[in-house]
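**Student:** Sequence:
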Amino acid sequence: LMHAMKPTMDRDTWCPNQNVVGVIGGMGPGATVKLFQYVVELQKATSDEDHVPLLIYNNPQIPNNNNAVLQTGPSSVPAMGYTARALERAGATHLAIPCNTAHCFLSELAEWTNLPILDMIDLTIRSVFDMQVSRIGLLATDGTVKIGLYQKVIEQISKELNTRPIGMIVPNAKGQCEVDDCILRIKSGDVGADVQRRLLIEARSLTSRGADIIVTGCTELPLVLSDELLSFCVKFVDPMRILALEIIRITGKSAK
Numbered sequence: 022l023m024h025a026m027k028p029t030m031d032r033d034t035w036c037p038n039q040n041v042v043g044v045i046g047g048m049g050p051g052a053t054v055k056l057f058q059y060v061v062e063l064q065k066a067t068s069d070e071d072h073v074p075l076l077i078y079n080n081p082q083i084p085n086n087n088n089a090v091l092q093t094g095p096s097s098v099p100a101m102g103y104t105a106r107a108l109e110r111a112g113a114t115h116l117a118i119p120c121n122t123a124h125c126f127l128s129e130l131a132e133w134t135n136l137p138i139l140d141m142i143d144l145t146i147r148s149v150f151d152m153q154v155s156r157i158g159l160l161a162t163d164g165t166v167k168i169g170l171y172q173k174v175i176e177q178i179s180k181e182l183n184t185r186p187i188g189m190i191v192p193n194a195k196g197q198c199e200v201d202d203c204i205l206r207i208k209s210g211d212v213g214a215d216v217q218r219r220l221l222i223e224a225r226s227l228t229s230r231g232a233d234i235i236v237t238g239c240t241e242l243p244l245v246l247s248d249e250l251l252s253f254c255v256k257f258v259d260p261m262r263i264l265a266l267e268i269i270r271i272t273g274k275s276a277k
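For any residue, its number in this note's numbering is found by taking its place in the sequence shown, counting from 1, and adding 21.
No lab work stands behind these hints: they were computed from the structure.
Positions of the beta carbon are idealized from the N, C-alpha and C atoms, including for glycine.
The reader is advised that the hints may include incorrect statements.
[As the list claims (entries may be wrong)] Capping the alpha-carbon separation at 25 Å, the derived lysine-lysine pairs in DSS-like fashion look like this:
(1) K195 x K180
(2) K173 x K195
(3) K256 x K173
(4) K167 x K195
[What the hints assert, rightly or not] So the derived label-pair ranges between C-beta atoms look like this:
(5) K277 x K195: 37 to 45 Å
(6) Q82 x G210: 25 to 33 Å
(7) L91 x S275: 39 to 47 Å
(8) T93 x P137: 14 to 22 Å
(9) L144 x A66: 16 to 24 Å
(10) R230 x D71: 23 to 31 Å
Between the sequences and the hints, there should be enough to build the whole structure, so can you do that?
**Tutor:** Here's what the structure looks like:
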């Protein structure tokens with residue numbers, strides 16, 4: 022019997038001389054979809070061929086990053102590392118992670134892959150420094166807040182730029198519980214008016230305490246919060262949107 026030989030093709034054939042970003046997704050799936058939506062909507066394209074090549078591994082079996090940070094659950098690093106290696110084998114040249122809390126483990130994740138990882142937190146804070154604001158309000162998971170993820174990056178960049186650090190305002194204990202509960206509800210599929218209302222109350226609380234802008238420091242939040250909803254109280258900065266713009270830039274495409 023004669024067997025037909027399967028055609029072979031390497032990355033340079035299907036995507037020659039171009040960076041390809043691999044997305045470690047599934048944290049959660051809705052946030053992964055939102056990142057892809059941003060990439061599609063924010064780039065200039067007049068045909069299918071103009072769009073950004075993107076590899077997405079939606080792996081919702083990665084252990085909860087917030088529990089991992091708080092040491093109330095297993096480490097998420099091995100599963101993220103496995104996902105990163107799969108994307109590397111598939112032809113990715115860079116990695117992106119649409120999850121703020123996962124960035125607490127970037128240095129550990131880097132040991133699992135040879136690919137550079139786009140740092141969404143660093144990109145966001147550099148953008149905020151360009152805005153020349155005095156204080157930011159942070160809506161994020163309690164793990165992100167307690168470990169001081171954004172505060173550490175602010176300090177690093179302020180030293181690099183030789184400028185005064187930007188102030189950080191976070192919810193009080195009751196407010197943080199509200200934010201965490203809303204995040205869990207969004208993950209369960211609830212993106213209704215009640216979740217929006219509760220998050221807007223916390224956003225207003227941060228602005229009343231002096232925040233010039235609100236950073237949506239959890240990638241679930243853009244699923245319910247938009248420019249239209251927050252425009253009446255304060256400007257908000259979406260790290261995942263900034264990450265999408267960097268994906269467009271690094272792949273040699275143009276943003277709108």
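**Student:** If a hint holds in the structure, say so; if it doesn't, say that too.
**Tutor:** Comparing the hints with the structure gives:
A C-alpha spacing of about 33 Å is found between K195 and K180, which places the hinted pair above 25 Å, so the restraint is violated. Our distance criterion of 25 Å between C-alpha atoms is met by K173 and K195, whose separation comes to about 24 Å. A distance of roughly 23 Å separates the Cα atoms of K256 and K173; the hinted pair therefore holds under the 25 Å criterion. A distance of roughly 14 Å separates the Cα atoms of K167 and K195; the hinted pair therefore holds under the 25 Å criterion.
At about 40 Å, the beta-carbon gap between K277 and K195 stays in the expected band of 37 to 45 Å. In this structure the supplied range 25 to 33 Å is violated for Q82 paired with G210, their Cβ-Cβ distance being about 18 Å. A hinted range of 39 to 47 Å holds for the C-beta pair L91 and S275, which are about 41 Å apart. Evaluation of the 14 to 22 Å hint for T93 and P137 yields a failure: the beta carbon distance comes to about 31 Å.
Between L144 and A66 the beta carbons are some 22 Å apart, a value that agrees with the proposed interval 16 to 24 Å. Between R230 and D71 the beta carbons are some 44 Å apart, a value that contradicts the proposed interval 23 to 31 Å.
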